[in-house]
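As given, the protein sequences belong to chains L and C, one line each in that order.
Position one of the first sequence corresponds to residue 0 (numbering that gives the first Met the number 0), numbered consecutively onward.
Position one of the second sequence corresponds to residue 0 (numbering that gives the first Met the number 0), numbered consecutively onward.
Worth flagging that the hints you see were computed from the coordinates, not collected in a lab.
Since the structure is predicted, the reported quantities are computational estimates derived from the model, not experimental observations.
Glycine is no exception: its CB is placed at the ideal position from the N, C-alpha and C atoms.
Treat each hint with caution, since some may be false.
No farther apart than 25 Å at their CA atoms in a straight line, the calculated lysine-lysine pairs in the DSS-like style are these [what the hints assert, rightly or not]:
no.: 1; chain 1: C; residue 1: 42; chain 2: C; residue 2: 160
no.: 2; chain 1: C; residue 1: 30; chain 2: L; residue 2: 78
no.: 3; chain 1: C; residue 1: 45; chain 2: C; residue 2: 160
no.: 4; chain 1: L; residue 1: 50; chain 2: C; residue 2: 42
no.: 5; chain 1: C; residue 1: 160; chain 2: L; residue 2: 78
no.: 6; chain 1: L; residue 1: 50; chain 2: C; residue 2: 30
no.: 7; chain 1: C; residue 1: 160; chain 2: C; residue 2: 67
no.: 8; chain 1: L; residue 1: 50; chain 2: C; residue 2: 45
Just a few of them, taken from the derived set where beta-carbon distance is under 8 Å, the chain L residues facing chain C [to be verified]:
no.: 9; residue: 32
no.: 10; residue: 33
no.: 11; residue: 342
To be clear about the criterion: a stretch of chain L counts as covered by chain C if any three or more of its residues have a C-beta under 8 Å from a C-beta of chain C, and this derived list gives those stretches [unchecked claim]:
no.: 12; region: 110-117
no.: 13; region: 129-139
no.: 14; region: 162-176
no.: 15; region: 186-198
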Amino acid sequence: MSTGTPPLTNPPKPQTRALNCPQCGAAIVLRSLGHAETVVCSSCHSILDAKDPNLQVLQKFQVATSEVPPLIPLGTRGKLRGTDYEVIGFQRRSIKVEGVRYDWHEYVLFNPYKGTRYLTEYCGHWNDITVCKELPSVGFAQATYLGETYKHFQTADANTNYVLGEFPWQVRVDEHATATDYVSPPRMLSSEKTANEVTWSLGEYTYGTDIWKAFQLPGTPPEPVGVYENQPSPVSDNVKGIWAAFLGFAFLLLIAMAAFDLTSSKGTVFDHSYVFQSGEPKGEASFVTDIFDLAGRTANVEITTSANVDNAWIYLNYALINQDTGQAWDFGREVSYYYGRDSDGSWSEGSQKDSVIVPSVPAGHYYLRIEPEGDSKHPPIGYSVEVKRGVPVFGFFGIAFLALLIPAIVITWRYISFERARWSESDHPPVKIGNSED
Amino acid sequence: MTQPVSNCPNCGAKIVFQWSSSVQTVCQYCKSILVRTDVDLEKVGKVADLPPDSSPIQLNTEGIYRNKAFVVIGRILYEYDQGGWNEWHIVMNDGKSAWLSDAQNEYAISFATTTTGLPTAAQVQVGQQYTWNNQRYTVSVITPAHYRGVEGELPFPYWDKTQVTFADLRSETGKFATLDFSDEQPALYLGEFVEFDDLKLKNLRSFEGW
Numbered sequence: 000m001s002t003g004t005p006p007l008t009n010p011p012k013p014q015t016r017a018l019n020c021p022q023c024g025a026a027i028v029l030r031s032l033g034h035a036e037t038v039v040c041s042s043c044h045s046i047l048d049a050k051d052p053n054l055q056v057l058q059k060f061q062v063a064t065s066e067v068p069p070l071i072p073l074g075t076r077g078k079l080r081g082t083d084y085e086v087i088g089f090q091r092r093s094i095k096v097e098g099v100r101y102d103w104h105e106y107v108l109f110n111p112y113k114g115t116r117y118l119t120e121y122c123g124h125w126n127d128i129t130v131c132k133e134l135p136s137v138g139f140a141q142a143t144y145l146g147e148t149y150k151h152f153q154t155a156d157a158n159t160n161y162v163l164g165e166f167p168w169q170v171r172v173d174e175h176a177t178a179t180d181y182v183s184p185p186r187m188l189s190s191e192k193t194a195n196e197v198t199w200s201l202g203e204y205t206y207g208t209d210i211w212k213a214f215q216l217p218g219t220p221p222e223p224v225g226v227y228e229n230q231p232s233p234v235s236d237n238v239k240g241i242w243a244a245f246l247g248f249a250f251l252l253l254i255a256m257a258a259f260d261l262t263s264s265k266g267t268v269f270d271h272s273y274v275f276q277s278g279e280p281k282g283e284a285s286f287v288t289d290i291f292d293l294a295g296r297t298a299n300v301e302i303t304t305s306a307n308v309d310n311a312w313i314y315l316n317y318a319l320i321n322q323d324t325g326q327a328w329d330f331g332r333e334v335s336y337y338y339g340r341d342s343d344g345s346w347s348e349g350s351q352k353d354s355v356i357v358p359s360v361p362a363g364h365y366y367l368r369i370e371p372e373g374d375s376k377h378p379p380i381g382y383s384v385e386v387k388r389g390v391p392v393f394g395f396f397g398i399a400f401l402a403l404l405i406p407a408i409v410i411t412w413r414y415i416s417f418e419r420a421r422w423s424e425s426d427h428p429p430v431k432i433g434n435s436e437d
Numbered sequence: 000m001t002q003p004v005s006n007c008p009n010c011g012a013k014i015v016f017q018w019s020s021s022v023q024t025v026c027q028y029c030k031s032i033l034v035r036t037d038v039d040l041e042k043v044g045k046v047a048d049l050p051p052d053s054s055p056i057q058l059n060t061e062g063i064y065r066n067k068a069f070v071v072i073g074r075i076l077y078e079y080d081q082g083g084w085n086e087w088h089i090v091m092n093d094g095k096s097a098w099l100s101d102a103q104n105e106y107a108i109s110f111a112t113t114t115t116g117l118p119t120a121a122q123v124q125v126g127q128q129y130t131w132n133n134q135r136y137t138v139s140v141i142t143p144a145h146y147r148g149v150e151g152e153l154p155f156p157y158w159d160k161t162q163v164t165f166a167d168l169r170s171e172t173g174k175f176a177t178l179d180f181s182d183e184q185p186a187l188y189l190g191e192f193v194e195f196d197d198l199k200l201k202n203l204r205s206f207e208g209w
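Required output: the full structure, derived from the provided sequences and hints.
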């Protein structure tokens, strides 16, 4: 005032103006003063011209008695992102997709300095929405806003069905706009197109519990139903990262396997061929082999039996015996191979080779006692016995590999099924697999 | 204070120009619209009271834009069929004048340009693109508006304008443009959207209960 400026000619006026509905006389409260373009009488549902001192009636609409009241009552104040906002308007809107109507609710929030902000609620899913200042660029089935790419989700004709409170624009029941949604969870980019304007807005998925906290609402928010278009996946979004981790661990496993393989003392320690003569007149068919050395640390031993069985079988009773301690490992192996041809074509059963692993055999001097048995009418069968030391067993690694693979697959599967649930509601539903109902 | 001082030709009140280039002002006592001629002030009309309005900005509101302090010295209030908006005339501390628009609390600062070869109102359509200063703009809305009132100092005599047409253009970078078709020669304003908090505004209007 030092410059001699006279006092302001428009001193601040009280924010809330009390008025009466010209239709029914009920009190009308204007919460946003000059921002309100239209205000709805809550008792007779006349849409009134908030700019007109006489609140001229612009439209009247019928309200079903089943109309759901706003979950956040008009006039409620809450703090969103550090700014106080008051709920000044509420509307129910709907789209129709394949004959099915989907309803959602919109809340108009107001702060006299920061302006308006919106909340939407659909089946317990909330979005915190602001109008875009920058212009998104629209491409084929996607849009880019502030460097982020959003995938086209749905384009539908949105209808306004019910309004309550005041709006900073000319609101009417039964007004239509073409609503297009693009998603990049947890954000969504929406455009609303009318004859002379396209408005873009940016929504961020918000949990009902956060809304309840912000507006200090009693009770608990409604449970969200289904998957919403920009709902963040509860499964890690980073499926690629999980697979990268899997590959990393699998590589480490391979290295461990290679190290294990390299450090084990392996190799053939015994190899010998025999002939089994059926109907051996001598009673004792068993014999012992030469002594062979098993060196190194305690490790497994692989005994491989190869027999030229041809539609025949041979059974060998083995005993691996430690010459020094007398410790023995008894086991029996059968080698049989049958083949032929019948009405279904050729067939075969068994194999001319059999392997068995005897685990944890300490080092020492060993020999095998072998007792073959066979079909007495069969011609002689030649067979060979090979003993190998320290055969790498990769079963443990296989289990470790699966232990890594299974979580990766489960997470991927959960991620994919969540995304399928999301996109099944869109204009781009995923291709159905099998008979499953999406 | 070095601002030029005059007296209202209508009521004799002292008229102080806060900005030396102001062409028009409103006498704050008798509401006469005064246009500055070479030597004196001429009364060209009288403003009606401004309708109740809810812009948090008012005359003498101060702020900072791009490290330059500014003060609000005037205003034009426009109305169109979907509402109204304010163009607050601001003067930066380097003497440049600019506009701080408040359209339902969406704030933007713009500067007048001397760009020529602009399209006419009849040529502009929603969705059309233009490039100025290497920046591509898309026409987002064409608004036929009328002016609802003026306050304070303006850089041009605006009192007799009633019906005006504006084309708003947006870019993908937060820059915006306005084509003003109120004169025979279209005028181009270029600017950008600004965040309320970034302007660090002082001397704001207070709202009861807020």
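Hints, one by one, checked against the model:
no. : hint           : in the structure
1   : C:42 <-> C:160 : 16 Å, holds
2   : C:30 <-> L:78  : 41 Å, violated
3   : C:45 <-> C:160 : 13 Å, holds
4   : L:50 <-> C:42  : 30 Å, violated
5   : C:160 <-> L:78 : 42 Å, violated
6   : L:50 <-> C:30  : 23 Å, holds
7   : C:160 <-> C:67 : 31 Å, violated
8   : L:50 <-> C:45  : 23 Å, holds
9   : 32             : 4 Å, holds
10  : 33             : 3 Å, holds
11  : 342            : 74 Å, violated
12  : 110-117        : holds (count 6)
13  : 129-139        : holds (count 6)
14  : 162-176        : holds (count 3)
15  : 186-198        : holds (count 3)
Hint compliance for this structure: hints 2, 4, 5, 7, 11 are not met, and every other hint is.
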